[in-house]
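Visitor: Listed below, chain by chain, are the residues.
There are 4 protein chains.
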Amino acid sequence: MATGFFDGLEPVRFVGPDAKDPYGYRFYDKDRVVLGKRMEDHLRLAICYWHSFCWPGGDPFGGDTFQRKWMAAGDPMEQARLKADVAFEMFQLLDMPFFTFHDRDIAPEGATLAESNANVNAIADIFEKKMAETGVKLLWGTANLFSNRRFMSGAATNPDPEIFAYSAAQVKNAMDVTKRLGGANYVLWGGREGYETLLNTDLKRELDQLGRFLSMVVEYKHKTGFKGTILIEPKPQEPTKHQYDYDVATVFGFLKAYGLENEVKVNIEQGHAILAGHSFEHELALANALGIFGSVDMNRNDYQSGWDTDQFAMNVPELALAYYEILKGGGFTTGGTNFDSKIRRQSIDAADLIQGHIGSADAIARGLLAAAAMIEDGRLGGFVEDRYAGWSKPENAAILKGDVSLEALADRVHATDLEPQPKSGRQEYLESLVNLFV
Amino acid sequence: MATGFFDGLEPVRFVGPDAKDPYGYRFYDKDRVVLGKRMEDHLRLAICYWHSFCWPGGDPFGGDTFQRKWMAAGDPMEQARLKADVAFEMFQLLDMPFFTFHDRDIAPEGATLAESNANVNAIADIFEKKMAETGVKLLWGTANLFSNRRFMSGAATNPDPEIFAYSAAQVKNAMDVTKRLGGANYVLWGGREGYETLLNTDLKRELDQLGRFLSMVVEYKHKTGFKGTILIEPKPQEPTKHQYDYDVATVFGFLKAYGLENEVKVNIEQGHAILAGHSFEHELALANALGIFGSVDMNRNDYQSGWDTDQFAMNVPELALAYYEILKGGGFTTGGTNFDSKIRRQSIDAADLIQGHIGSADAIARGLLAAAAMIEDGRLGGFVEDRYAGWSKPENAAILKGDVSLEALADRVHATDLEPQPKSGRQEYLESLVNLFV
Amino acid sequence: MATGFFDGLEPVRFVGPDAKDPYGYRFYDKDRVVLGKRMEDHLRLAICYWHSFCWPGGDPFGGDTFQRKWMAAGDPMEQARLKADVAFEMFQLLDMPFFTFHDRDIAPEGATLAESNANVNAIADIFEKKMAETGVKLLWGTANLFSNRRFMSGAATNPDPEIFAYSAAQVKNAMDVTKRLGGANYVLWGGREGYETLLNTDLKRELDQLGRFLSMVVEYKHKTGFKGTILIEPKPQEPTKHQYDYDVATVFGFLKAYGLENEVKVNIEQGHAILAGHSFEHELALANALGIFGSVDMNRNDYQSGWDTDQFAMNVPELALAYYEILKGGGFTTGGTNFDSKIRRQSIDAADLIQGHIGSADAIARGLLAAAAMIEDGRLGGFVEDRYAGWSKPENAAILKGDVSLEALADRVHATDLEPQPKSGRQEYLESLVNLFV
Amino acid sequence: MATGFFDGLEPVRFVGPDAKDPYGYRFYDKDRVVLGKRMEDHLRLAICYWHSFCWPGGDPFGGDTFQRKWMAAGDPMEQARLKADVAFEMFQLLDMPFFTFHDRDIAPEGATLAESNANVNAIADIFEKKMAETGVKLLWGTANLFSNRRFMSGAATNPDPEIFAYSAAQVKNAMDVTKRLGGANYVLWGGREGYETLLNTDLKRELDQLGRFLSMVVEYKHKTGFKGTILIEPKPQEPTKHQYDYDVATVFGFLKAYGLENEVKVNIEQGHAILAGHSFEHELALANALGIFGSVDMNRNDYQSGWDTDQFAMNVPELALAYYEILKGGGFTTGGTNFDSKIRRQSIDAADLIQGHIGSADAIARGLLAAAAMIEDGRLGGFVEDRYAGWSKPENAAILKGDVSLEALADRVHATDLEPQPKSGRQEYLESLVNLFV
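Top line first, the protein sequences correspond to chains A, B, C and D.
Per the numbering used here, the very first residue in the first sequence carries number 1; after that it's consecutive.
Per the numbering used here, the very first residue in the second sequence carries number 1; after that it's consecutive.
Per the numbering used here, the very first residue in the third sequence carries number 1; after that it's consecutive.
Per the numbering used here, the very first residue in the fourth sequence carries number 1; after that it's consecutive.
Don't take each hint at face value.
It does not matter which identical chain is used: a pair holds within one copy or between any two.
[As the list claims (entries may be wrong)] Here are the computed lysine-lysine pairs in the BS3-like style, where the Cα-Cα straight-line distance is at most 25 Å:
(1) Lys401 x Lys256
(2) Lys20 x Lys30
(3) Lys204 x Lys256
(4) Lys393 x Lys423
(5) Lys137 x Lys179
Just so you know, these hints were derived from the structure itself, not from any lab.
Whole structure, please, built from the sequences with the hints as guidance.
Guide: So, in structure tokens, the structure goes:
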């Protein structure tokens with residue numbers, strides 16, 4: 001291709017399950033119809049800009065390993081254009097339908113916010129043209145309110161209202177760009193919206209600031225006619241010691257407190273779920289139960305590491321359970337599956353970047369197929385329905401309707417000296433059943 | 001004393017900070033006035049029945065080590081009466097103002113719920129008399145909805161509505177007893193209100209069941225004129241893999257979803273905070289910020305153990321931070337400091353049981369004194385106020401009032417090319433300041 | 001069958017991968033030859049006595065849920081015989097080649113150790129007969145030195161030498177029984193060999209006690225001519241706060257310190273690896289690297305629970321990585337795959353007990369098949385060999401032989417201004433490669 | 001001072017416990033005699049170069065916040081000299097006796113290793129002069145074998161022997177510099193000596209490489225006559241997924257395997273202990289028990305964060321337990337207390353850097369004083385001695401000497417139907433006792 005970065009790498013296409021080499025999709029077959037919908041439309045896979053094109057391979061103990069040419073010294077806008085070229089080459093090489101980005105991923109920061117915005121908008125012009133040419137779409141955009149030192153004590157939750165204002169101005173531009181590019185969603189991840197120590201923090205005040213900020217975003221969305229979904233991405237900590245958007249349940253309470261539960265949904269990340277002490281499927285199931293499921297940042301956290309490892313998801317049984325929850329909830333609407341995944345810092349070749357996406361897309365596709373098979377089989381779902389069948393009886397349905405008091409239930413129990421007997425939860429059977437499909 | 005269990009142990013009284021032996025209160029001086037209130041009235045210390053008198057010293061890998069005489073074979077009600085005698089002897093030995101219990105702690109389960117209730121009520125008669133004699137009060141009562149096998153798949157969240165009904169009937173009696181004994185609060189801890197596997201669970205349905213159950217409890221409280229506070233005690237897991245009342249933020253969202261946020265507060269446990277990935281002071285501060293702080297289950301979780309270790313709280317600097325949050329929120333109203341703490345299973349002597357309470361009461365008292373000193377000093381609080389001072393300016397206060405839009409803020413930023421500069425958070429200074437007082 | 005416990009359950013046999021019901025082995029095909037050996041001989045599956053027949057379904061917050069008839073009141077030896085009958089019925093129902101037990105699992109404790117030993121020996125007589133009849137073999141025996149209160153402060157590491165002596169006497173009998181029954185190994189798990197607090201512990205002394213105890217066991221093994229392997233089972237904690245046999249690396253250092261590294265090997269448990277902060281495959285690989293790999297306690301720890309959950313292993317990709325390490329090390333000799341797995345406490349039916357073993361045996365078989373395929377394919381192993389190929393050059397091989405000094409290497413570097421270039425570690429490629437086989 | 005960096009900050013000196021401001025030592029009184037030795041000589045406090053002068057305040061999600069002038073663009077050696085000036089100003093401002101550094105902390109990397117070494121040596125010339133002028137001494141030096149991309153797959157454990165050679169050459173120079181500056185120790189921290197995935201790793205081979213490397217270091221030490229101690233610093237993970245020097249027990253096993261247990265000791269870090277699942281005092285006690293205790297990297301890990309937070313140690317009771325173990329083992333010989341602690345990235349002022357060291361030095365001093373008081377009091381130590389007193393009886397001492405067999409002990413037990421009774425471990429008493437002194 002034109003940039004030469006992927007020289008020697010063939011376009012990645014469906015090769016079927018019998019292929020003996022992992023370069024090629026063995027299961028990700030975009031046109032295959034699953035539960036009445038094309039696989040591509042089910043999964044809505046997106047490549048993220050930050051991990052793939054912006055992260056240089058550094059970690060807290062070591063510098064860059066990747067040394068991409070667009071990260072070298074040079075005119076920053078020139079480099080941003082080269083990066084955009086490489087990005088779209090990769091989208092096409094992998095035949096992926098979507099991408100995602102932060103404003104600062106795509107263009108350099110200028111001397112003022114106006115200059116920074118102009119940089120972002122200039123690259124967005126290029127994106128607009130490339131998207132039209134290639135058919136690649138934007139799953140979501142977002143603003144980076146965490147890297148610059150001005151955000152060190154928060155963006156919306158900063159003790160300094162000037163930084164709140166600055167953040168608002170930056171988000172406005174990111175939302176404008178996202179709308180212009182037809183983004184299906186707009187995401188807020190509050191990496192600095194938390195605290196390092198309670199000793200210098202007024203929790204109540206910061207929550208109110210965050211609530212107000214989010215309300216302003218929602219108001220602006222409606223004013224501009226942006227049709228996408230506003231998404232919050234929960235994470236318990238890192239970089240801050242404690243982040244306000246800890247997990248799905250915390251975000252739900254926050255939305256309820258500020259009357260935003262019908263306006264905002266969640267973008268759930270596997271790695272963030274793990275760091276918060278939950279399984280990924282828990283967070284998905286809970287978001288569905290609470291009516292705020294939106295989208296997925298797909299990756300895998302190393303179970304032995306206490307930080308966000310953002311590895312490519314590769315464990316098919318785990319992915320099957322995740323898509324089972326997603327499909328049970330009706331699947332994605334505006335959301336999708338964003339590869340919030342990065343190659344390891346020792347994986348320094350362009351081929352590694354491609355292979356990570358292939359391997360994970362395939363594992364995801366297998367997860368989806370297994371989940372669909374579990375739904376079609378029906379035994380899992382049927383077991384659950386049977387388990388709660390007693391609640392359909394009129395006298396029990398009345399309890400949930402609020403027609404029965406504590407005393408009335410007590411009377412019912414004592415009238416017959418009721419002694420209910422436990423029934424097996426059959427977990428091992430259900431786990432064995434799942435293994436029929438993965 | 002009459003039971004002989006504490007033979008050889010002297011009544012524990014204030015001996016002053018210079019005492020050279022840890023048997024005696026060096027800092028817990030109940031009549032000492034701190035910030036205008038007696039220390040006893042600040043702390044409202046309570047001894048719990050379950051750890052002190054019911055737990056036999058067993059763990060998942062080993063049987064009983066304590067071999068208390070009231071746990072030996074014999075007539076269960078006779079043993080329950082002996083246990084009550086020992087309990088009140090201990091309350092007086094330690095000169096503690098409150099106690100707490102589960103229904104099943106104080107009396108044996110009968111063949112039917114009616115019989116079980118009768119057993120509970122019979123012991124409550126004894127309590128009533130002993131409380132009048134000794135002046136010891138009830139901080140709170142609760143129902144054990146987790147030990148019996150009927151609750152293995154939940155109480156209020158059980159798939160079987162009969163178990164929901166049974167639970168309601170049991171709670172009704174526990175609430176009646178708590179009211180009769182003048183309990184200052186009634187607590188619900190949902191040890192089985194969660195799931196072991198999502199594969200057999202309907203999350204939405206179980207949350208609705210739990211919401212309905214709690215509403216029934218609140219309705220019954222008002223109907224009976226019980227003046228105490230209804231408290232939920234968050235815990236993330238153990239014994240279940242995932243408990244619905246995960247942490248303070250989760251409980252808040254749950255209360256909001258069912259319209260109970262003005263009716264129910266939280267009873268926060270140090271160990272549960274740790275298991276949920278939070279510091280104790282975080283949970284306290286958050287509950288205050290959300291307006292749902294109620295009471296405290298005081299203990300300490302071993303930082304290297306992944307289960308609920310319920311050790312006696314002994315680390316003064318940590319306790320100082322906890323009471324600093326409690327005092328900043330106005331202190332306890334109906335709530336108090338319940339020793340949800342157990343001696344180690346190798347601490348098999350009666351003296352160990354007493355020493356655990358002495359040592360922890362003293363550490364708690366030191367924590368309170370340090371917290372009060374921090375408040376009186378004022379530098380910590382003043383630092384925080386100064387940090388957010390910018391929000392008092394009219395143009396910034398207007399933001400939080402909702403009078404300013406995203407676009408208006410963007411205009412403000414661009415008008416002056418605003419570039420706000422970060423200010424030091426001074427964490428090390430604040431931590432050093434705290435160390436002046438502990 | 002005679003006891004009636006498994007009434008209604010059919011013998012479990014190989015039914016092939018296309019079976020639509022999880023009752024039956026779809027992949028565990030004992031006679032299938034894998035890498036030149038029968039699958040049964042590769043895996044050497046064993047059913048454990050404690051989880052399957054002794055655990056009543058209790059946990060720290062709740063009582064028994066299983067209510068097996070052999071756990072009911074009655075003559076303890078009568079019940080032990082019934083339990084033995086049920087156990088052998090299950091071994092045959094599942095067609096498993098091995099079993100494992102603690103002395104206290106099989107027979108009740110008596111008034112003296114002599115009586116306890118007599119009880120054990122009486123049941124061993126029964127075992128002997130049943131083993132001859134059924135062909136079921138003993139993978140290993142062990143002594144329970146943790147449940148009785150006398151061991152609360154340790155067995156071999158107890159501050160009281162009388163408890164050390166008692167433990168020695170009990171182990172002697174357990175070794176005798178194991179030898180008599182043709183056990184392939186003898187295991188020591190030191191659940192109480194650790195400390196609850198350093199404040200009352202002399203670490204050095206306790207390590208010496210443990211070293212001496214283990215030496216006595218080895219000496220006795222040789223004296224009696226027992227041909228099995230002595231195995232230590234590492235675990236970091238639980239029930240104790242800190243256990244001396246923390247993990248494989250710790251055990252290795254301990255064995256080296258007491259000169260036992262050629263006499264004792266490790267029995268590695270998945271759940272214990274996880275609790276110690278390692279992956280299962282790490283512990284297996286390390287044991288092979290250190291030359292002390294012995295056997296496996298197979299289960300799965302819930303990744304979100306901080307205690308030993310001992311679930312049935314069901315995740316095939318994880319099992320594939322485990323058996324890949326085992327096969328690379330040459331596979332089992334005297335060791336095997338012991339199901340140290342328990343059904344959930346809500347799985348109260350006999351069918352659950354069977355289904356757990358079926359589902360896990362099948363997942364294990366799939367893991368073995370995938371591992372074998374990875375080895376036969378050769379690309380994974382070849383990649384690793386190539387990666388270290390530079391060390392075969394004579395000048396580099398000389399380094400490891402000890403023939404080159406720090407200064408000589410420095411000279412070599414400076415002579416050519418050596419600047420070695422990093423090469424990709426290709427993790428994503430390797431993970432994708434693994435996914436070809438699982 | 002000359003550089004102006006600390007303008008406005010007064011020299012920090014002992015002001016006594018009644019001081020009301022945290023700027024000044026309230027407890028760190030260097031000349032105070034504790035257990036017969038000056039406090040300065042007990043603690044041997046050292047300021048580290050990397051956190052204080054090299055870390056720019058970045059984290060994985062955000063850039064530099066500190067913007068120190070010596071980190072700005074400019075001639076790197078000029079900046080290195082400015083940094084050295086600031087460093088020694090700080091050593092004197094704080095009146096600290098020692099410092100520590102990595103080679104790359106003090107001087108920039110050149111185009112070749114020879115050039116890099118020359119840079120290091122040039123700064124060492126400056127150090128030599130400044131040390132003579134100020135009396136500040138070097139606690140230890142070390143080589144940075146982790147930041148440059150060449151080390152991404154390890155230094156001594158790299159699959160590429162050229163990187164092993166390069167590392168050897170770099171370490172040689174770092175050892176030479178350390179010797180020249182009179183360093184009391186030389187440290188090796190293997191941040192990249194581990195693996196990211198087992199799939200590309202030959203564990204056995206890498207351990208052998210590491211063993212050989214360490215042996216070369218020891219040989220070179222003896223050849224050059226360096227009198228300092230060679231120290232390994234254990235850490236379980238981060239940046240690598242799994243580091244070979246996991247914890248003290250693992251390092252001990254490694255040293256035994258390569259015959260280095262009498263040549264190399266450990267430098268124990270609080271944060272690394274926590275990440276490995278241990279308490280700090282455990283690692284200290286174990287190192288003493290195994291005879292390999294060397295030195296301490298003092299800091300504090302946030303208990304809720306799963307990465308290395310390197311905060312300033314401020315919790316006095318925890319520090320008291322740490323120094324209690326250190327003093328029981330005889331205290332430091334060549335080792336000392338290195339502040340491996342960094343101010344938070346929001347603490348951007350020079351005053352924060354000073355305050356962090358003051359606050360922590362004071363907390364450490366209080367920890368030492370408490371530990372000394374515990375030792376002088378004698379009750380803690382006496383309790384432990386009494387607990388094991390039974391082992392002094394001749395028949396029990398004989399067991400540890402190896403004069404008694406398993407059978408002989410069994411005979412002893414059966415002869416008297418021995419039934420040893422458990423004794424209380426009295427943990428709550430001991431914890432209360434500790435609280436008399438902190």
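Visitor: Could you figure out if Lys20 and Lys30 sit no more than 25 Å apart (CA to CA) within one copy, between two copies, both or neither?
Guide: Cα proximity of Lys20 and Lys30: one copy only (20 Å, versus 28 Å across).
Visitor: If the cut is 25 Å between Cα atoms, do Lys204 and Lys256 qualify within a copy, between copies, both or neither?
Guide: Classified as both; 15 Å inside a copy, 17 Å across copies.
Visitor: At most 25 Å between alpha carbons: which applies to Lys393 and Lys423, within, between, both or neither?
Guide: within (18 Å within a copy, 57 Å between copies)
Visitor: With identical chains treated as interchangeable, where does the CA-CA distance between Lys401 and Lys256 reach 25 Å or less: within a copy, between copies, both, or neither?
Guide: Result: close both inside a copy and across copies, 22 Å intra and 18 Å inter.
Visitor: 25 Å Cα cut-off: does Lys137 pair with Lys179 within a copy, between copies, both or neither?
Guide: Classified as within: same-chain Cα gap 12 Å, cross-chain 61 Å, threshold 25 Å.
Hint compliance for this structure: no hint is broken.
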